[in-house]
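*Asks:* Top line first, the protein sequences correspond to chains A and B.
Just so you know, this note's numbering puts 52 at position 52 of the first sequence, and the rest follows in order with no gaps.
Just so you know, this note's numbering puts 17 at position 17 of the second sequence, and the rest follows in order with no gaps.
Computed spacing ranges between beta-carbons, pair by pair: (1) A:K16 with B:D152: 34 to 44 Å; (2) A:D104 with B:D26: 48 to 58 Å; (3) A:K56 with B:K224: 41 to 51 Å; (4) B:I71 with A:D85: 25 to 35 Å; (5) B:D26 with A:K113: 43 to 53 Å; (6) B:H39 with A:A102: 37 to 47 Å; (7) B:Q64 with A:H45: 24 to 34 Å; (8) A:G22 with B:W227: 47 to 57 Å; (9) B:K84 with A:I11: 56 to 66 Å; (10) B:G259 with A:K113: 31 to 41 Å; (11) A:K113 with B:D152: 35 to 45 Å; (12) B:P112 with A:K113: 43 to 53 Å; (13) A:K16 with B:Q64: 24 to 34 Å; (14) B:Y67 with A:I98: 27 to 37 Å.
Going by beta-carbon spacing under 10 Å, a handful of chain A positions derived as facing chain B: (15) I23; (16) P26; (17) L27; (18) Q29; (19) K56; (20) D58; (21) G59; (22) M60; (23) H61; (24) V62; (25) Y63; (26) L81; (27) T82.
Quick caveat, the hints were computed from the structure, so don't treat them as lab data.
Heads up, the beta-carbon is just placed ideally off N, CA and C, and yes, glycines get one too.
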Amino acid sequence: MGDNFPKVTQIPSIAKYLHDIGITDPLQQRIEVIHSYIQKILPSHIVDIFIVEYIKEDGMHVYLDIDFYTDEGVISAHNFLTTIDIRTAPLKGQIVAIKIAAIDYNFERATNKSRLHVVFYVDFSEKVYGEFKATNRNCDYLMQIIKKYFLPNMKK
Amino acid sequence: MEKPQTITDYIEWLRDDLMVDIREQDRNYYSLVANTLMHEFKTSKFWVELLNNLRSYDQEYQIQTGYALFIPGFQPEVKVKSLKSFLEKTFRKNVLDNDAFPKEPDGGWIVPENWLLRINDIVQTLFVVRYFDGVKFLIDKIGNLSKQHKLDLLVDYEAREEGYYAAHLYVKQGFEIPKPSWDTKRVLVSVELQITTQLQEVIRKLLHNYYEKRRMMVKEPIEKWQWDYKCDEFCTNYLGHILHYIEGMIMEVRERQLGEK
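One chain only, chain B, in its complex shape:
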């Protein structure tokens, strides 16, 4: 069995080897479920209270530091993952990042029967804070709130070799979603809350396409990007690391100024 090299190969492989045929009705069903999840999350008590608390978090952070937590007028937007991105993620998990291929990855194949449970960012949102320490501050606040609502929360501080820095929080909630039969069922699904800094967000937007392209590469280049100063990765990845370092230094200066007061 040949390892699928592209998303088109992967969709064919899903059909031929796992008997999973992504048809038009599956696309529509995904869209229906994803939008239902988004709607249910946006109207959940946890999310509504979190939105209501943002001003209070901002004022508390200002008392502690003298600086604002969020960029002015910031309001997080809840989005759903497109089917294309969703399939690409299953491609990465089933094939690209699966060292055991052609055997199934740890936890088994990610297929329609289980993919709502296995993919944890179908519904996602992003919080942008001004400073490095705002990430931890907001994680603590969201952690406390999820405890109050008796929701499981997983926190992952992402620090990738490619210069990507952000905190990813996964909050698990029970949602009522439509079944293909138009009945409904209750499922436990994770929603992804990302927290990043203003500076990282700027670079993230610049590099988004690059990250996506790289993540879909089947084979690593022979020469490591760290040794090829002419390749795209060299400049972009190190920019991410440098910014992270600068943000740490900004904190250092800020705390020094606070100590001098």
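If we strip away everything but chain A, and leave its shape as in the complex, we get:
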């Protein structure tokens, strides 16, 4: 690509995350493409990433969105496999409510049956919100994201 910024998929903690949730080379290359666009639009130091994914009733694994977390906020790429649809938002003190729904998950260690659905709201009318879905080991990572970036940013 010829760009100077480091590859996000090679940051050790992120590389481990991608490995743990079964993200292979072609998807990692796609993540780097999205990351390169983000760096061009909004140069940022990426600390964490999270992939929103779920398993459909027929068993098909769907990778929906990818979120890049910085110290200031989050940059999301929706339907990142096939489209370029990037949005950004600050997180500081913005969250008014969080709903967490779990299936076969004890909030400590996910199994292959674990599913997690988290919705957060940035106003009390519940009109502005974001949502996360995670399966298997990704549930553990989603909880880490919620604890690190969302719970500390609840509106006082």
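Using the hints provided, position chain B relative to the given structure of chain A.
*Replies:* Chain B in isolation, oriented as in the chain A frame:
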């Protein structure tokens, strides 16, 4: 010399005319060799890497198309051809499809001395992809992998008059197999990797017995199946063709939707 009409006739013909007597020990030896080939293939670097790559292929296809390559949870199963099917195949090649009979077919008679080399699907496996274009996608991936492993690969896009559509890939590998003397020898054997679509697989299962029966027919019926709407072939064969056409149309719609995005 009369042309054998059934598999029983064929086994007798093998014994009387080619001096090939299929005895119990030959049956056991076939089973031993076939299972050894299967085991060697399943533990080969090529196969292990191919299995490991399936998730990556699936994700790459999803990036390109927005759809999954495989049906969820798909894992290919490696199987060996039964001795019965094996003998039937040699029957077809030696007799039924041999226009020169009673003379030997092109390449000579298929007999125990050469049949491991001449029959290319003793070990076989099947990949089921969701969409028409997944067949070509997977062929390219397997082609690249076989090149990396320096293995010869032959690709055959089967499109039969009987409405059978699938890609058959033959990957040639060297295997260590037991000799009847309990020593071992190294042989180059082809393994068959079939790739078909989910829809074709459904019809394939429905029609499997029919295909097998038809392939063992010595004489073609006088009236062509295409003109006999009451015969089994009419419905089943055209169903295969129609499904293939529908799968092409599904691709057309899918690509149109992708273009509209």
